[in-house]
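Throw the hints in and build the complete structure from the sequences for me.
First to last, the sequence lines map onto chains A and B. Residue numbers for the first sequence follow the UniProt record's numbering, so the first one is 1 and each next one is one higher. Residue numbers for the second sequence follow the UniProt record's numbering, so the first one is 1 and each next one is one higher.
Worth flagging that the hints you see were computed from the coordinates, not collected in a lab. Using N, Cα and C, we set each Cβ at its ideal position, and we do this for glycine too. There may be inaccurate statements among the hints.
Derived CB-CB ranges, DEER-like [claimed, not checked]:
| no. | chain 1 | residue 1 | chain 2 | residue 2 | range |
| --- | --- | --- | --- | --- | --- |
| 1 | A | 188 | B | 175 | 37 to 45 angstroms |
| 2 | B | 25 | A | 169 | 48 to 56 angstroms |
| 3 | B | 92 | A | 182 | 53 to 61 angstroms |
| 4 | A | 174 | B | 22 | 56 to 64 angstroms |
| 5 | A | 164 | B | 135 | 23 to 31 angstroms |
| 6 | A | 135 | B | 171 | 26 to 34 angstroms |
| 7 | B | 92 | A | 15 | 56 to 64 angstroms |
Chain A is nowhere near these chain B residues, computed Cβ spacing over 10 angstroms in every case [unchecked claim]:
| no. | residue |
| --- | --- |
| 8 | 25 |
| 9 | 29 |
| 10 | 31 |
| 11 | 44 |
| 12 | 57 |
| 13 | 86 |
| 14 | 92 |
| 15 | 94 |
| 16 | 108 |
| 17 | 133 |
| 18 | 134 |
| 19 | 173 |
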Amino acid sequence: MSRKPVKGEYIETDTGNKVSRKAILIGTQHIMLGGKTVIQAEAMIRGDLARTGQAVSGSAAAPGSNTAVAIGRYCYLSKGCCLRPPGRIYKGTFTFLPLRLGDHVFIGEGTVVQAATIGSHVYIGQNVVVGEFSIIKDYVRVLEGAVIPPNMVIPSFSIVAGQPARVIGEVPEGGHEAFELRELYKTVGNNPQPLPV
Amino acid sequence: MNGSKMSSSKRQSILPRVQSGPKAPVNFSSSIIIADSALLTGNHTINISSETVIHPRAKLDSSNGRITIGRRCIVNERTSIGALSADPTPSESRDGVVISDYANIEVGAVIESGGTLIGEGSLVGVGCRVGKGARLGKPWEIVPDFTVIYSNGTRRIDKRGVSDLKNKAQARQIEVLKRLIPSNPAKFQ
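Encoded structure:
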């Protein structure tokens, strides 16, 4: 007779985020989710590594101004991936800088992302290492096992692979729809729908 | 209505706390930073020297030998130090893993136990696996100083001579991490 709803595998928020109960989110106050984002089990986000230094200003900073990890809409973080903000020496002190993801970003299983910025419609395969302060522009496909060295800038519409990663090709014309993650978003959650064939 | 059920707003897990192994005997310096969710197991001693940072979810397993970590090391999340090697031959060393000063073990790296030595200032990259009995960097010279090893035995030597600067940068990073990571060494003692 319990009226308590059965707890599903995912926590679904009002903005449509689906966060697995087994995801490891550290420092949640510094993590911004744009909505409709899927975070699968054992994905790890290091929000605790937020920017330090400007804390001395004292005055009440706007909430969310000290974001460590910002994620756009329709992003998909697979099992066991790890997002952590990059850090470096800046003006004589060590500081972590925010990690920004655009919309429709897919991150494969076991991938470690320490980029500065990832654009929109980016596909990153399994077991990829995205080095510190690398910048990935829009419509980029990173094949599995690639190791993107620190500070690399990947232009739009490239296909990247290798250790260290190199641009090996271009996204073909008309291949842009493949980056849409709206359908994939519907396939997970507490009442998943199958992919339309 | 069912007030007794709603009294605690925070949901408590029904499952018992996961205890993956015996609590390891530890020997900590007073200035280390160790996250609450780090995992320390095993029956040999784990020594951690001053100003070393252990990130959340790092796993230190001393069941296959002693673990010694030097000064100002950074052990990142999801690393596994002292993992059991696939090679069953017993090692001649009593030490499991020795990590020297200023080493940085990056996310997801695995360091197998059995006389494994990581030299001063080494950087073990993301997802690396360091096999049992490997000896890297100073002062063992099996792999010489400032060597970058990447894949299939290829390597190059860092001739920039910036190791002092790198150590300074690591010290700065530790200062910042000290503020960011809530330390709880008492939990493991």
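Just want to verify: residue 108/B was marked as not at the interface with chain A; is every Cβ pair farther apart than 10 angstroms? violated, 6 angstroms
So is residue 31/B really clear of chain A, every C-beta pair being over 10 angstroms apart? Nearest chain A Cβ is 17 angstroms from residue 31/B, so the label holds.
Test the statement that residue 86/B is away from the interface with chain A: the closest C-beta pair must be farther apart than 10 angstroms. holds, 19 angstroms
Taking the closest pair, is the beta carbon of residue 29/B still more than 10 angstroms from chain A? About 21 angstroms separates residue 29/B from the closest Cβ of chain A, which puts it past 10 angstroms; holds.
Claimed clearance of chain A by residue 57/B, with the beta carbon kept past 10 angstroms: Violated, because the least Cβ-Cβ distance between residue 57/B and chain A comes to about 7 angstroms, which does not exceed 10 angstroms.
Could you check that no beta carbon of chain A comes within 10 angstroms of the beta carbon of residue 44/B? holds, 28 angstroms
Between the beta carbons of residue 135/A and residue 171/B, is the distance compatible with 26 to 34 angstroms? holds, 28 angstroms
Given a hinted range of 56 to 64 angstroms, is it respected by the beta-carbon distance of residue 92/B and residue 15/A? Because 58 angstroms falls inside the window, the suggested range holds.
Taking 48 to 56 angstroms as the hint, is the beta-carbon distance of residue 25/B and residue 169/A inside that range? holds, 54 angstroms
Is 37 to 45 angstroms respected by the C-beta to C-beta distance linking residue 188/A and residue 175/B? For residue 175/B against residue 188/A, whose Cβ atoms are near 40 angstroms apart, the range 37 to 45 angstroms holds.
Over 10 angstroms from every CB of chain A: does residue 173/B meet that, or does the non-interface label fail? Given a closest Cβ separation of 5 angstroms, the condition is violated.
Given the range 56 to 64 angstroms, decide if the beta-carbon distance of residue 174/A to residue 22/B lies inside it. holds, 59 angstroms
The earlier numbered hints that this structure contradicts are 12, 16 and 19.
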